[in-house]
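Visitor: Sequence:
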Amino acid sequence: MSHKFHIPVLGLGYSIDTPLKVARYGISSVVSIVDDDLIERMRKYHSEKNNEEYVEIAKLAPNARERRITAYLNLLDKLVTRQFEALTKQSFAEGSDLCRYFDLLPDSSVQKQGYELMKEFEDSERKTIFQDILRKQLKKGSIDVNIMAKLDKMNYDAGNEFTGEENTDALAALRGFALSNLSSSVILSAGMNPRLYSYLEAFPDFVPNEIGEMKKKIILKVSDFRSGFIQAKFLAKKGLWVSEFRVESGLNCGGHAFATDGYLLGPVLEEFKQKRKEMYVELYSTYQAALAVKGTSFTATIPQHLSVQGGIGTADENNFLLNHYQLDVTGWGSPFLLVPEATNVDADTLKQLERAGDDDFYLSNSSPLGILFNSFKGSSSEKQRQDRINKNRPGSPCTKKYLVSNTEFTEQPICTASREYQNLKIKQLKSLDLSPEEFEQKMEAVTEKVCLCEGLCSSAYLKYGITKPKENKAVAICPGPNLSYFSRTYSLDEMVKHIYGSVDLLQNVKRPNLFVNELNLYIDYLQKELSVHVKNLNDKKQKYLVKFKNELEHGIAYYKELFPQLTDQKQKLMNILEDLSTAETKLSFINI
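Be aware that the sequence shown starts at 365, since it is given in our numbering, and climbs by one per residue.
By construction, these hints were calculated from the structure, which means they are not laboratory data.
We put the beta carbon where it would ideally sit given N, CA and C, even for glycine.
Take the hints with a grain of salt, since some may be wrong.
What the hints assert, rightly or not - Restraint-style ranges between C-beta atoms, simulated for each label pair:
1. Asn573 to Val873: 45 to 51 Å
2. Ser769 to Gly523: 21 to 27 Å
3. Met365 to Gly459: 24 to 30 Å
4. Ser591 to Asp857: 34 to 40 Å
5. Gln776 to Val873: 19 to 25 Å
6. Gln871 to Gly459: 42 to 48 Å
7. Leu481 to Met365: 17 to 23 Å
8. Gly576 to Ser895: 51 to 57 Å
9. Asn573 to Glu705: 32 to 38 Å
10. Glu420 to Thr445: 51 to 57 Å
Stated by the list, open to error - Here are the computed lysine-lysine pairs in the DSS-like style, where the Cα-Cα straight-line distance is at most 25 Å:
11. Lys806 to Lys715
12. Lys368 to Lys413
13. Lys517 to Lys368
14. Lys368 to Lys514
15. Lys453 to Lys491
16. Lys892 to Lys913
17. Lys747 to Lys368
18. Lys602 to Lys579
19. Lys658 to Lys579
20. Lys874 to Lys861
21. Lys834 to Lys764
22. Lys637 to Lys368
23. Lys934 to Lys924
24. Lys442 to Lys597
25. Lys907 to Lys874
26. Lys413 to Lys827
27. Lys503 to Lys442
28. Lys514 to Lys500
29. Lys764 to Lys747
30. Lys641 to Lys368
31. Lys934 to Lys913
32. Lys827 to Lys741
33. Lys806 to Lys904
34. Lys794 to Lys806
35. Lys874 to Lys741
36. Lys639 to Lys874
37. Lys911 to Lys899
38. Lys413 to Lys442
39. Lys899 to Lys834
40. Lys514 to Lys597
With the hints as extra help, turn the sequences into a complete structure.
Guide: The following block contains the structure:
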């Protein structure tokens, strides 16, 4: 990779075409392939904008989901390749995309150092030779895709007949990627789906050639070592190699949040660091044995990378993570929501994000999946949700049905954010003999759910001016809490230079250390969980909360040993240790 960071998936629409904006500069990014309606509309938009032929793939056409995804990814690949080839042919004139490619690289990059050396040459012949060498070293960023493994809805045709196992949402999306022209990676997130993982075997692009190279690779997004190792072994036994473990903070991230059992980022990365070689040996041995059964063999060493994302905010934190835990790359997500050049945030939402403070970012139960979700108080979707409740019409029309999962009242699953479900549930609550306080509490739990299928796409449609008449324009956005420390919009150059330390966008901003920030989020979560269950704390829940608190205490002990290695600035270290001590005291008052 040219760069030591990537841009992770951001909602549905926020990074849907980010590769078109950054890949030519060598920056890798991730596209969500959950919503094929969004994908089809973006294919139409970018085809017309770039004078490419566009033939619609109708929603009910045979294999529509797979074909839409393949067609869009092929378009991205074609357009990025065109951009990149044009960049390589440019002169090294100030202000050109070619110069910008090198200017964006970290100072430690050999390419960047060569570029700076070239600019000092006065001999035109030597300069030209050196420029040709630099051009040959250019590399475009990867167009990776993300699949939420558990989002695997069964699909039915117009006659209400099940379309088959291979046409469930996750499997059809995987097939769309696997049949595309891309040479890149699929990131599998949100838990293990054995059916989806097994389906990977069906595609030759995941099989290595005689020197161990694969056209398409597998990345696992995980929040702890054990689950990552288990998933990787499952895949290795099928002759499938995990090329990267992408460790994400359970709570200090954007989108859906998974608190796990209280595993903090530092101890998780430490476990990966200590056990990485041992894990590699076991996985490689299992992998080779599985391939041998299939008639494939090679002796080459296959790389297995390790990265981290979630809540990184400064160059110092970035460098410490890379160096101390021997990582290959880091992920910077939410801060790029304030970079209009890289992501799709509409003008109104952008203004709201610029003005937002700590209290505007919070964990909610608004996701129909029943998983904690990072929410933003200033979003228009939150305002719309409240307006609908005030008008006694809670819930949303359910048009896309990507998150349908509840069969409490219906034979086929429906979405808990839908008007249909919320009306049925409220009617049931009214029929029960509940106290006013209990009824209000349960009412809030029902009506808190919001439509994410539309809300996470609206911003892209608004930014490009392609909303349809009568289409819901309310925007849902799910930044991580770390975004509260960034207070304006930034250029791509500013954000990249901030990551590498040549610019400090958070100068004079009071912000806790990455690890302390996450620790406080976990303590707040534990307090909330205890308050919710305090009246009926059964043995199972109590054991979970006790284990959770023990893990936090273990993490604090680990950080006491780690933090003196963070910085050689005495005052800065004292501030970090003071914040850690405050968090430890707060945790000690929680009695389970």
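Visitor: Look at each hint and say if it fits the structure.
Guide: Quick rundown of the hints versus the structure:
1. Asn573 to Val873: 45 to 51 Å: Because 49 Å falls inside the window, the suggested range holds.
2. Ser769 to Gly523: 21 to 27 Å: Since Ser769 and Gly523 have Cβ atoms about 23 Å apart, the given range 21 to 27 Å holds.
3. Met365 to Gly459: 24 to 30 Å: holds (25 Å)
4. Ser591 to Asp857: 34 to 40 Å: holds (38 Å)
5. Gln776 to Val873: 19 to 25 Å: violated (50 Å)
6. Gln871 to Gly459: 42 to 48 Å: For Gly459 against Gln871, whose Cβ atoms are near 27 Å apart, the range 42 to 48 Å is violated.
7. Leu481 to Met365: 17 to 23 Å: holds (22 Å)
8. Gly576 to Ser895: 51 to 57 Å: The hint (51 to 57 Å, Cβ to Cβ) holds, given that Gly576 and Ser895 are roughly 52 Å apart.
9. Asn573 to Glu705: 32 to 38 Å: holds (37 Å)
10. Glu420 to Thr445: 51 to 57 Å: violated (24 Å)
11. Lys806 to Lys715: The hint is violated at about 34 Å.
12. Lys368 to Lys413: Given that 25 Å is the threshold and the Cα spacing comes to 31 Å, the pair is violated.
13. Lys517 to Lys368: Distance ~36 Å between Lys517 and Lys368 Cα, so the pair is violated.
14. Lys368 to Lys514: Violated - the C-alpha atoms of Lys514 and Lys368 are around 30 Å apart, more than 25 Å.
15. Lys453 to Lys491: Satisfied, since the Cα-Cα distance of roughly 16 Å is no more than 25 Å.
16. Lys892 to Lys913: holds (13 Å)
17. Lys747 to Lys368: The hint is violated at about 39 Å.
18. Lys602 to Lys579: Given that 25 Å is the threshold and the Cα spacing comes to 17 Å, the pair holds.
19. Lys658 to Lys579: Given pair Lys658, Lys579 holds - Cα atoms ~18 Å apart, limit 25 Å.
20. Lys874 to Lys861: holds (20 Å)
21. Lys834 to Lys764: holds (15 Å)
22. Lys637 to Lys368: Holds, at about 18 Å.
23. Lys934 to Lys924: holds (15 Å)
24. Lys442 to Lys597: With Cα atoms ~35 Å apart, Lys442 and Lys597 exceed 25 Å; violated.
25. Lys907 to Lys874: violated (36 Å)
26. Lys413 to Lys827: Cα-Cα ~14 Å, so holds.
27. Lys503 to Lys442: holds (15 Å)
28. Lys514 to Lys500: violated (42 Å)
29. Lys764 to Lys747: holds (21 Å)
30. Lys641 to Lys368: holds (21 Å)
31. Lys934 to Lys913: Roughly 30 Å separates the two Cα atoms, so the pair is violated.
32. Lys827 to Lys741: holds (21 Å)
33. Lys806 to Lys904: holds (22 Å)
34. Lys794 to Lys806: Given pair Lys794, Lys806 holds - Cα atoms ~10 Å apart, limit 25 Å.
35. Lys874 to Lys741: The hint holds at about 22 Å.
36. Lys639 to Lys874: Given that 25 Å is the threshold and the Cα spacing comes to 35 Å, the pair is violated.
37. Lys911 to Lys899: The hint holds at about 19 Å.
38. Lys413 to Lys442: holds (14 Å)
39. Lys899 to Lys834: violated (46 Å)
40. Lys514 to Lys597: Holds, because 19 Å separates the two Cα atoms, which is no more than 25 Å.
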